[in-house]
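Asks: Sequence:
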Amino acid sequence: MKYIKANIQGKPKEINLVLMNDLHFGSEAVDYGLLERVFDFIASNRENTRILINGDLIEGVTKNSKGDIYTQRMTPEEQLEFAVETFKPYKDLIDGVTKGNHDYRIEDEVSIDIVKWFCKELDILDKYMEFEGVVGYAWNKCFYSVEMFHGTGGGGTIGSVERNMTKMRKTTADVFYCGHWHKEFAKPFKEYNLDPYNKCVREVKKWLICGNTIVQTAEYAKKFRYQESFPSQAVVTLRGEQKKRDIKVDWIR
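First residue of the sequence shown? That's 488 in my numbering, and the numbers climb one at a time after it.
Think of the hints as simulated: they come from the structure by calculation, not from any bench.
Just to be clear, a hint being listed does not mean it is correct.
Claimed, not checked - Distance condition first, Cα-Cα at most 16 Å in a straight line; then the derived EDC-like pairs of lysine to aspartate or glutamate:
(1) K677 - E690
(2) K607 - E649
(3) K500 - E728
Stated by the list, open to error - Each pair of labels, with its calculated beta carbon distance range:
(4) G641 - P499: 36 to 42 Å
(5) E501 - E617: 28 to 34 Å
(6) G643 - P683: 41 to 47 Å
Note that beta-carbon positions come from the ideal geometry of N, C-alpha and C, so glycine has one too.
Required output: the full structure, derived from the provided sequences and hints.
Replies: Here's what the structure looks like:
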């Protein structure tokens, strides 16, 4: 599993992590108004904001995959070009990138890793994690970590999303972040860490976060009666005070 240490400049009082996943560029159901609001937030808070991209960057429908190849708005190549141009002004803020099931549809058929290509075009290949990874944020004597994995399998209800995430979590990172299920879900939980140096057990607050999507209900989702939800993207705020360490989760809708 790849580990990336984020490059934090200065001593901000807090850091915003914008969790961007399930963008599905090329889908007929993309909410471009929401996408604009997300980037407006990033631009307005650029000095203390970072970006994590966690899979399903493009719609990527092929002849042999789920979805309707005739309803997607661009070819897979055009979808990828659009993604590169969209993120180019913010490439210096990106700390980690994974791929999701829509992304590796193309890789499965023609052996081209389009997310790796996306990172290469933006000159951020060192941020590419393939399927999973951990990003660490250290500043002001504070340290936070985010484990990233796109997600897999069914998640028709919030309960099933939580069960899947609990099983898929591999590390003791402060945040376990998935996408995939198109659900707005964030839940804190307690974990008890052993401190052998101070001979005690410390109670630590951790988070499970599913970062939702920017698409409305796509045609193929209606066809198969998938549960409908409202699009949003998560913003995680990390507090930069050692004695007042805290993580908060909000949503851009």
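Asks: Decide, hint by hint, whether the structure agrees.
Replies: Consistency of the hints with the structure:
For the suggested pair K677 and E690, the alpha carbons sit about 7 Å apart, so the restraint of at most 16 Å is met. Distance restraint check for K607 and E649: the Cα-Cα separation of roughly 33 Å exceeds the 16 Å cut-off, and the hinted pair is therefore not satisfied. With a C-alpha separation of about 7 Å, the suggested pair K500 and E728 falls inside the 16 Å cut-off, and the hint holds. For G641 and P499, the hinted distance range of 36 to 42 Å is satisfied, since their beta carbons lie about 39 Å from each other.
For E501 and E617, the hinted distance range of 28 to 34 Å is satisfied, since their beta carbons lie about 30 Å from each other. The supplied range of 41 to 47 Å is met by G643 and P683, whose beta-carbon atoms lie about 43 Å from each other.
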